[in-house]
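Colleague: Assemble the complex: chain A is given as a structure, and chain B with the ligands must be docked to it using the hints.
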Amino acid sequence: MTPGNIEDMTATVPRPSPVRPALSALRDRAWRLAELVTTPLLPADYLDMVSPLRAGADLRGRIVAVQPETRDAATLVIRPGADWQRHVPGQWVRIGVDVDGVRMWRAYSLTSQLDRPDGCISITVKAIPGGKVSNHLVHRTTPGTLVHLDQAAGEFVLPSPLPAKALFVTAGSGITPVMGILRNYPELSDSRADTVVVHSAPTADDVVFGSELRVLAADGRIRLVEQHTDTAGLLDPAGLAALVPDLAERATWACGPVGLLEALEEHWAAAGIADRLFTERFRPTVVVAGEGGTVTFTGTGTTLEADGATPILDAAESAGVLVPSGCRMGICYGCVLPLREGAVRDLRTGEVTTAVPGDGVLVQTCISAAAGACSIDH
Amino acid sequence: MTVLQKKDVNPIEHLAPEDVELIGKELDEIRQGVIDTRGEADARYIRRVIDVHRKIELGSRAVLLASGFPPAWVLGTIGLSVAKILENMEIGHNILHGQWDWMRDPKIHSTTWEWDMASPAEQWKHSHNELHHTYTNVVGKDNDLGYGIMRVDEDQPWQPWHLGQPLWSFVNACFFEYGIAAYDLELAGNLATKERRSNPQFRADARAVLRKIGRQVRKDYLVHPLLSGPNFLSTLAANFVANLVRNLWSNSVILCGHFPEGVETFEKKSIDGETRGEWYLRQMLGSANISGSAAMHVMTGNLSHQIEHHLFPDLPSNRYAQIAPKIRDLFDRYGLNYHTAPLPKQVASAWHKIIRLSLPNGWLEKTNRRNLPSQLVTLYRVTTGKPKVRRRLLKEMAAA
Ligand SMILES: Cc1cc2nc3c(=O)[nH]c(=O)nc-3n(C[C@H](O)[C@H](O)[C@H](O)COP(=O)(O)OP(=O)(O)OC[C@H]3O[C@@H](n4cnc5c(N)ncnc54)[C@H](O)[C@@H]3O)c2cc1C
Ligand code: FES
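If you're matching them up, the sequences are chains A and B in order.
Mapping of the first sequence onto my numbering: residues 1424 to 1801, in sequence order.
Mapping of the second sequence onto my numbering: residues 92 to 491, in sequence order.
If we strip away everything but chain A, and leave its shape as in the complex, we get (with noise of 0.2 angstroms):
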């Protein structure tokens, strides 16, 4: 269930009238025009002054409010451009933010029902501690502050028809794509339904979303179980098998560390019940470091030193090499640059791609270090 399906997309298109041409016909040539009079700039850059957020702009949004959920989490509710596309619950957005004069990019799984009525949008955030950007969102941003966004994108979404019995396990900051998914899916907690919420957190305090879980669970709408790890210890597939002997029958969600998700992963496939099992990482699993090597790019003639633990991606970042990235853990394939030459390590796999002179074999640079000399065109 992957949005904005071509298909679906073209058949609600209305078919153009005859003045819509005329009319878009005319508007590109006053763009053309407009283009005339701003080069070396481009009338966008003008616009942009004035309307940050118009249609046919770089997608960016506007916070409009920070509400902390927690000591170290708040949401922030955005208002995104006029080009924003629905997004499907459980999905998530990437926004890049100024911290400190630098642009950073991170995803953020949306909080937010569907069409509100101010056409906003939401993400929550944990502050992790040492964290630049979660710090910066939680902790110092302020109403009014633009950022820039890319459209949803994420495969943690529910099928259709929505399965009987579901199971969502979440630690964390990991609650928040389940909570866009409960806050869109009132079948999901209505009388009939009969859905389980596992959620663990250090303290009854620390849970993100709490008050409103609780609700769902005191009208009976939702199972919830809460494990407080300062007292109750870690959640494993052990624990959680007691907590919910049905889990077999269960279609389940998780999302949390890499390695709750790890054992999860582990126990439903030794159930033989993988494929009932559908996880969220905020953050890849890294196995191991080798040797870095110096990276060059050849595109922009930068060469910089980088070690084996380093993804590729931040030392050109921080090397002030614009790079293209996306999710930054190795799902969406939005960093991918041609290897020219020489060796990258896969920091999830340890898995070595060389490229000899001319093979340009493309790698995922968000999760690929140095393995040794190597180039990649950009």
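Just so you know, the hints here were simulated from the structure itself, not pulled from any lab data.
From the three backbone atoms N, C-alpha and C, an ideal C-beta is built for every residue, glycine too.
Incorrect hints may appear among the rest.
These stretches of chain B come out as covered by chain A in the derived footprint (C-beta under 8 angstroms, 3 or more residues) [stated by the list, open to error]:
1) 129-139
2) 188-194
3) 201-211
4) 311-319
Modeller: Only chain B with the ligands this time, still in chain A's reference frame:
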């Protein structure tokens, strides 16, 4: 540094090689200090300058739609001149240096920026950032030294055609952006032989320049005047004047940077195996600053801090003023001359040098009101004389 050592007073005679490396280390520390503190305030600064430029540019062009009305013409022309200067100097030059790349904003990045200038950003970056900043003031390597058309050092043999140097320097100043485009293209060299003329890279570059010029010219001399309707001609004139003002201004600022009397030039051989400290030292001795108000610094794109800029070409321009006292202190401690003076003085000094070097060595120094007639006769003879005569006369003039 052979050229320096030949001078009567060698400005670096008192420095031991260890001193030079210590200077380098101190400069590296100053540089790191700025890098460690680059942040939101700097980002706000450049965005603000860009915003102000766009408002002035748009406002002036709007006012010029009524350019038939003299006050509108004056106001619009002043505004547009200021806008064009800001755009080229504090914004374009510095962004193309990569001074703002650390912000990772694709809209303010050296790889995406294009400017209001005949030379396309790509070509200018090559000749300016890679050649001029690497080979600063090395005669025969740094084309910025006289753009290949001038005599910039006593050691270059004088030729009669150098007499025209003040004139074509002035013409070059008026049409500076085209001069730069021509020299980024290495036009003279590339047109010289048939083989070089038909080099595909040169042809592609030349086409890019022509396209760029086409767009600029169409904007300033066709579309904007047309939009002014009955004021076509007066808007065209306003745009011409604004371009002229911008060209003369940027040429003056650039002359001040490396041309005033007392700024050192270097020999090709002198930079072989140059250490980082020596490289820094060459930048220190080969650049000159302009003193003045904050507004003047912005209008020169902070090239008024040419010394700081040449030491650290990729640090944000708004920081040069901040580190200038430290740099000056370093000059003082190592007994070096921190070359700085107000704009009129530096411009006059640069032009004095242009004129002095257009004449045979020693001629200007020795000429006064009384001996002017006889000096003119000598000049005539050296200009028209056979090579042998010329060599003898040049030697006499330089010796006396
Ligand atoms: C698809 C997707 C959806 C996401 N949704 C959300 C969401 O809804 N809410 C949310 O708060 N975050 C979410 N994240 C994580 C988010 O994108 C950032 O990674 C997180 O905010 C940390 O960024 P930072 O700049 O603060 O940390 P950085 O400055 O990048 O990292 C600082 C340190 O923290 C470590 N670190 C990075 N990420 C994590 C993490 N997730 N947990 C623990 N340590 C980490 C790093 O290794 C580093 O040592 C999502 C990530 C992905 C890929
Ligand atoms: S950024 Fe998504 S795969 Fe690399």
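Colleague: Now look at each hint and say whether the structure bears it out.
Modeller: Hints, verified against the model:
no.: 1; hint: 129-139; in the structure: holds (count 7)
no.: 2; hint: 188-194; in the structure: holds (count 4)
no.: 3; hint: 201-211; in the structure: holds (count 5)
no.: 4; hint: 311-319; in the structure: holds (count 3)
Comparing the model with each numbered hint stated earlier shows that all of them hold.
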